[in-house]
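J.: As a plain string of letters, each chain reads:
Protein chains: 2
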Amino acid sequence: MPDYKAPLRDLRFVTDEVLGFHDHYAKLPGAEEATPDMIAAIMEEGAKFAERVLSPLNQVGDQQGCQFKDGEVATPEGFKEAYQQYVDGGWPSLSHDIELGGQGLPESLGMMVTEMVATSNWAWSMYPGLSHGAMNTLDLHGTDEQKQTYLTKLVSGEWTGTMCLTEPHCGTDLGMLKTKALPNEDGSYAITGTKIFISAGEHDMASNIVHIVLARLPDAPQGTKGISLFIVPKFNTTDSGDVGERNHVHCGSIEHKMGIHGNATCVMNFDGAKGFLIGPANKGLNCMFTFMNTARLGTALQGLAHAEWAYQNSLIYAKDRLQMRSLTGPKAPDKAADPIIVHPDVRKMLLTQKAFAEGGRALIHYCSMLVDIVQAGSEGDKDDAETQLSLLTPIAKAFLTETGFEAANHGLQIFGGHGYIADWGMEQNVRDSRISMLYEGTTGIQALDLLGRKVLMSQGATLKVFTKIIHKFCKENSSDKRLAHLMKPLAALNKEWGDITLKVGMKAMKNRDEVGAASVDYCMYSGYVTLAYFWARMALVAQQKLDEGTDEEAFYKAKLQTAKFYFERILPRTKGHVEMLLAGSSSLMEMDEEQFFLR
Amino acid sequence: MPDYKAPLRDLRFVTDEVLGFHDHYAKLPGAEEATPDMIAAIMEEGAKFAERVLSPLNQVGDQQGCQFKDGEVATPEGFKEAYQQYVDGGWPSLSHDIELGGQGLPESLGMMVTEMVATSNWAWSMYPGLSHGAMNTLDLHGTDEQKQTYLTKLVSGEWTGTMCLTEPHCGTDLGMLKTKALPNEDGSYAITGTKIFISAGEHDMASNIVHIVLARLPDAPQGTKGISLFIVPKFNTTDSGDVGERNHVHCGSIEHKMGIHGNATCVMNFDGAKGFLIGPANKGLNCMFTFMNTARLGTALQGLAHAEWAYQNSLIYAKDRLQMRSLTGPKAPDKAADPIIVHPDVRKMLLTQKAFAEGGRALIHYCSMLVDIVQAGSEGDKDDAETQLSLLTPIAKAFLTETGFEAANHGLQIFGGHGYIADWGMEQNVRDSRISMLYEGTTGIQALDLLGRKVLMSQGATLKVFTKIIHKFCKENSSDKRLAHLMKPLAALNKEWGDITLKVGMKAMKNRDEVGAASVDYCMYSGYVTLAYFWARMALVAQQKLDEGTDEEAFYKAKLQTAKFYFERILPRTKGHVEMLLAGSSSLMEMDEEQFFLR
Numbered sequence: 001m002p003d004y005k006a007p008l009r010d011l012r013f014v015t016d017e018v019l020g021f022h023d024h025y026a027k028l029p030g031a032e033e034a035t036p037d038m039i040a041a042i043m044e045e046g047a048k049f050a051e052r053v054l055s056p057l058n059q060v061g062d063q064q065g066c067q068f069k070d071g072e073v074a075t076p077e078g079f080k081e082a083y084q085q086y087v088d089g090g091w092p093s094l095s096h097d098i099e100l101g102g103q104g105l106p107e108s109l110g111m112m113v114t115e116m117v118a119t120s121n122w123a124w125s126m127y128p129g130l131s132h133g134a135m136n137t138l139d140l141h142g143t144d145e146q147k148q149t150y151l152t153k154l155v156s157g158e159w160t161g162t163m164c165l166t167e168p169h170c171g172t173d174l175g176m177l178k179t180k181a182l183p184n185e186d187g188s189y190a191i192t193g194t195k196i197f198i199s200a201g202e203h204d205m206a207s208n209i210v211h212i213v214l215a216r217l218p219d220a221p222q223g224t225k226g227i228s229l230f231i232v233p234k235f236n237t238t239d240s241g242d243v244g245e246r247n248h249v250h251c252g253s254i255e256h257k258m259g260i261h262g263n264a265t266c267v268m269n270f271d272g273a274k275g276f277l278i279g280p281a282n283k284g285l286n287c288m289f290t291f292m293n294t295a296r297l298g299t300a301l302q303g304l305a306h307a308e309w310a311y312q313n314s315l316i317y318a319k320d321r322l323q324m325r326s327l328t329g330p331k332a333p334d335k336a337a338d339p340i341i342v343h344p345d346v347r348k349m350l351l352t353q354k355a356f357a358e359g360g361r362a363l364i365h366y367c368s369m370l371v372d373i374v375q376a377g378s379e380g381d382k383d384d385a386e387t388q389l390s391l392l393t394p395i396a397k398a399f400l401t402e403t404g405f406e407a408a409n410h411g412l413q414i415f416g417g418h419g420y421i422a423d424w425g426m427e428q429n430v431r432d433s434r435i436s437m438l439y440e441g442t443t444g445i446q447a448l449d450l451l452g453r454k455v456l457m458s459q460g461a462t463l464k465v466f467t468k469i470i471h472k473f474c475k476e477n478s479s480d481k482r483l484a485h486l487m488k489p490l491a492a493l494n495k496e497w498g499d500i501t502l503k504v505g506m507k508a509m510k511n512r513d514e515v516g517a518a519s520v521d522y523c524m525y526s527g528y529v530t531l532a533y534f535w536a537r538m539a540l541v542a543q544q545k546l547d548e549g550t551d552e553e554a555f556y557k558a559k560l561q562t563a564k565f566y567f568e569r570i571l572p573r574t575k576g577h578v579e580m581l582l583a584g585s586s587s588l589m590e591m592d593e594e595q596f597f598l599r
Numbered sequence: 001m002p003d004y005k006a007p008l009r010d011l012r013f014v015t016d017e018v019l020g021f022h023d024h025y026a027k028l029p030g031a032e033e034a035t036p037d038m039i040a041a042i043m044e045e046g047a048k049f050a051e052r053v054l055s056p057l058n059q060v061g062d063q064q065g066c067q068f069k070d071g072e073v074a075t076p077e078g079f080k081e082a083y084q085q086y087v088d089g090g091w092p093s094l095s096h097d098i099e100l101g102g103q104g105l106p107e108s109l110g111m112m113v114t115e116m117v118a119t120s121n122w123a124w125s126m127y128p129g130l131s132h133g134a135m136n137t138l139d140l141h142g143t144d145e146q147k148q149t150y151l152t153k154l155v156s157g158e159w160t161g162t163m164c165l166t167e168p169h170c171g172t173d174l175g176m177l178k179t180k181a182l183p184n185e186d187g188s189y190a191i192t193g194t195k196i197f198i199s200a201g202e203h204d205m206a207s208n209i210v211h212i213v214l215a216r217l218p219d220a221p222q223g224t225k226g227i228s229l230f231i232v233p234k235f236n237t238t239d240s241g242d243v244g245e246r247n248h249v250h251c252g253s254i255e256h257k258m259g260i261h262g263n264a265t266c267v268m269n270f271d272g273a274k275g276f277l278i279g280p281a282n283k284g285l286n287c288m289f290t291f292m293n294t295a296r297l298g299t300a301l302q303g304l305a306h307a308e309w310a311y312q313n314s315l316i317y318a319k320d321r322l323q324m325r326s327l328t329g330p331k332a333p334d335k336a337a338d339p340i341i342v343h344p345d346v347r348k349m350l351l352t353q354k355a356f357a358e359g360g361r362a363l364i365h366y367c368s369m370l371v372d373i374v375q376a377g378s379e380g381d382k383d384d385a386e387t388q389l390s391l392l393t394p395i396a397k398a399f400l401t402e403t404g405f406e407a408a409n410h411g412l413q414i415f416g417g418h419g420y421i422a423d424w425g426m427e428q429n430v431r432d433s434r435i436s437m438l439y440e441g442t443t444g445i446q447a448l449d450l451l452g453r454k455v456l457m458s459q460g461a462t463l464k465v466f467t468k469i470i471h472k473f474c475k476e477n478s479s480d481k482r483l484a485h486l487m488k489p490l491a492a493l494n495k496e497w498g499d500i501t502l503k504v505g506m507k508a509m510k511n512r513d514e515v516g517a518a519s520v521d522y523c524m525y526s527g528y529v530t531l532a533y534f535w536a537r538m539a540l541v542a543q544q545k546l547d548e549g550t551d552e553e554a555f556y557k558a559k560l561q562t563a564k565f566y567f568e569r570i571l572p573r574t575k576g577h578v579e580m581l582l583a584g585s586s587s588l589m590e591m592d593e594e595q596f597f598l599r
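Residue numbers (the UniProt record's numbering), protein chains in the order written: chain R, 1 to 599; chain A, 1 to 599.
Note that these hints are calculated values from the structure, not bench results. Be aware that one or more of the hints could be misleading.
What the hints assert, rightly or not - Restricting the straight-line Cα-Cα distance to at most 25 Å, the calculated cross-link-like pairs of lysine-lysine (BS3-like) are: (1) R/K575 <-> R/K475; (2) A/K454 <-> R/K564; (3) R/K180 <-> A/K335; (4) A/K495 <-> A/K575; (5) A/K564 <-> A/K319; (6) A/K5 <-> R/K495; (7) R/K27 <-> R/K382; (8) R/K331 <-> A/K178; (9) A/K69 <-> A/K5; (10) A/K225 <-> R/K331; (11) A/K564 <-> R/K507; (12) R/K178 <-> A/K335; (13) R/K331 <-> A/K507; (14) R/K464 <-> R/K475; (15) A/K225 <-> A/K454; (16) A/K510 <-> R/K564.
Given the structure is predicted, the values throughout are model-derived calculations rather than measurements.
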């Protein structure tokens, strides 16, 4: 049976020892409650919940899937009960405002718990995950009354939320959306249209569902500038704030999909459903960007989740499964064959998973630290954090989901033919992970956002904020010869990052297609360099701890080993990306459309 | 609805125009029947069968899967009828000996038909595919009587075959297998043991199933040198050669797996089943190698199949789906948005699929031409063909299945969120393709076979046979400036291929783990170079046709474009592989086993 064990030690290493969360919380206004003891207690409880309640439901969720009947969705066995336990444990309210019933802890602490919840059972975690997105949107753009009516119920977990963006003819291109919002006399709106791919759009886990819906007002301009944002509850509320009459929004069907079977992906039909405007008219997409950035980070986390899960389960198998002898002679002569972990290529796959999972963990929690600062930091810090986050979010989303899928596939591969069989769970992990490169903006869209909007539109300024940090880090640590095998190549790559950006930028001034032709290779390149920076930081801390003396020598040495592996066996991939991204757009664009079809 | 259209023009380009099949058949003893007209007629009929009978069953097969009840397997609706049509059409007998009821056509012609059959419906194609493997084994190692009893029935398609190798505790490591064969008094053997992952092990499509089984004789040496090969029919035969009493071999269950749901993957229990030795005692693995090489080429074909299928279906979608405007301004101003084929990154994914599919096609049919020569060529030609084949088989198997999976994933990605939904078939294509990197030897096993057994064990001689061919080709075509952008980098890579082999070889003499540490990168590198050679050959022919004057200008120009794309946007991946494969084994091997677990 596949299983999950919360990597508490590694989480502590990343957040405390590498990223300095204690100092961060000490400086962060409103984070007084987040003391080391409090954090440790929360993490331990979160780990228990993930390991004991959610992990056993992961395979059940895949096998049973969601069932649709007469407009209602039944979630897999145990999902509902697990959600109730989640609510009873106070988990939904962790990082929300105290005046709304929340616990007022920093967003980043919530992310640490979310990592465990998400890794143990991604499909389940999407239900509270979508609520979290809806909560953040309401928090930022809702009126006090809206917050009182809807947000408090979401914070308590009594109700859940969704985000309704996509329509059959438009996913990426939201400017094309058709759902209409006609004003009612009472100040509300009648929402009519069809939304698809609505995760958690209908289910049996909560007494009400708060849909956050993009729609057009009658007089709205065309395209993205004519989109407004609405609250559409499944059940209208009574004056006392309780669940009232059924609203005219219904689930028409659920999708049969490759994975995440435990989460209901719904077609939602709005037939004059009662809705309430959030934020200014026609500014819905701007309001939504807040949600999108959170959601993109949440999806980046999915990459880490599947890499971590794959690593844990294939590691156990690699140590147990006996097959062939080591090329250098038997390592387990008393057994019929050696455990496959002795084989170099199996180790390469394991270390690749480990490097992506642990490196991804550092990147994710670094980003959520930046989110804390954007939400509550001082004005000066805020700008810097916002800039870094705007750069790192598309990198994290694209790179961690691509490498998460790769790591999940290594997991399957390590199991050999058994990996293809459902019982072992490895193929589910691959299927579940595959969605992460699609939703919340495909890898291609993230890459365009990164190169086009973030880097080139700022004339490289956004990138420089981050490359300066890396530059400074390399310089400060250039004297330690033991880390030269990391610091030198990192410094060189960091410089190259700027150089290739300039080159692509020059080309793009003449031909905009150069952006699209370079973007995905550029994004992957950026991801490899970013992770190299975090691996160098982790190696530095590990070296310091070893120098200081520690009773966890093996733990810290493993970090140094993994860093070395990452630099020697992963980072050379940047070579190909550089050459490909500089190759220009002609080989892509010169071919006529009809030529594609001639065979 | 996803669909398949046989790429007859492209198949003709590859086999006739590039590889010179006409000349090849003219020289090949026994291939007199394979005239251009005959080939064209066969291809047309094969295309019809694949397009009209098999393609419509591809999604049905996935959705219904195989059903297991009381030891029997029901295949999906229509599978049985399609198989009967296949038999009625004489397809199983195409490339088998006339004296056994076959049509005596070359193996390579069979492969051309098999490509279409396989691409239209891989899961279905595995039933005749496994028979083909069993037939080849019987043909080479069976006695005349065995051939008369079993092979004729397989050639006619009346019965099907399987290959029973894997056991629960051994897949790669066949030396560990435990299935026993005890001699009976009548000269037959009683076979007892459990085999798993037996594709087509039980089904309702034919009246008998001939299992080819690996087992141990009582006095057999341990390990791989004590394995013998047996025929175990599902039903014993009567004296007249008909189906007689039920043998003691039964399907215990079928696996629930990630994909290829239409093919039954069976646990087969042998309880003293009657079996007959094929070939010499204890030499079963040697006999099996014949099958394995054919099977590996067959699995390499699966990579091509999923790349081709993905390309066809995502190309249509990319032309139809409207989303966003081109970065260089509207291309379809009369429509709500541009078709996504205008976007550079979508084109990059399409061209990647196209380059892998068409390049893979050239490699596959080149290999099957070599198989013809090995089977029927003159003695001198045979050796050379055998050497080339021994090198190219693991490359084709590993590289084409890895890139086939990549291409299938690009297909899913081009569909965006819709790609994740079952209806469109793209996610099935990904799931179905995933097995190809596992069975018939994982990518890691192919890579060890290539670098360890084929290249280094021959001290590079095997490699040289092929690099000389490339060298000669580049030299002969070095004067045409229009192809210099292909010939020059190909010549450089070809030289580098030798250089890195030498370097790895030197390291491996000191430490055998260097082989395992370098092998997968080496194998992928070899694949990229091999495909570059075939793309250069295709470009050369296209250029010649354009020079001669043709009314298919667009077709040949597309070949030149795709070759350019392959060299500019795919081939740079070799850069990373070279650096990684030369990085040595220390970053993999230094980490203690326990360190992997510390988190």
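J.: Could you tell me which of the numbered hints above are not met by this structure, giving the numbers in increasing order?
T.: 2, 6 and 9
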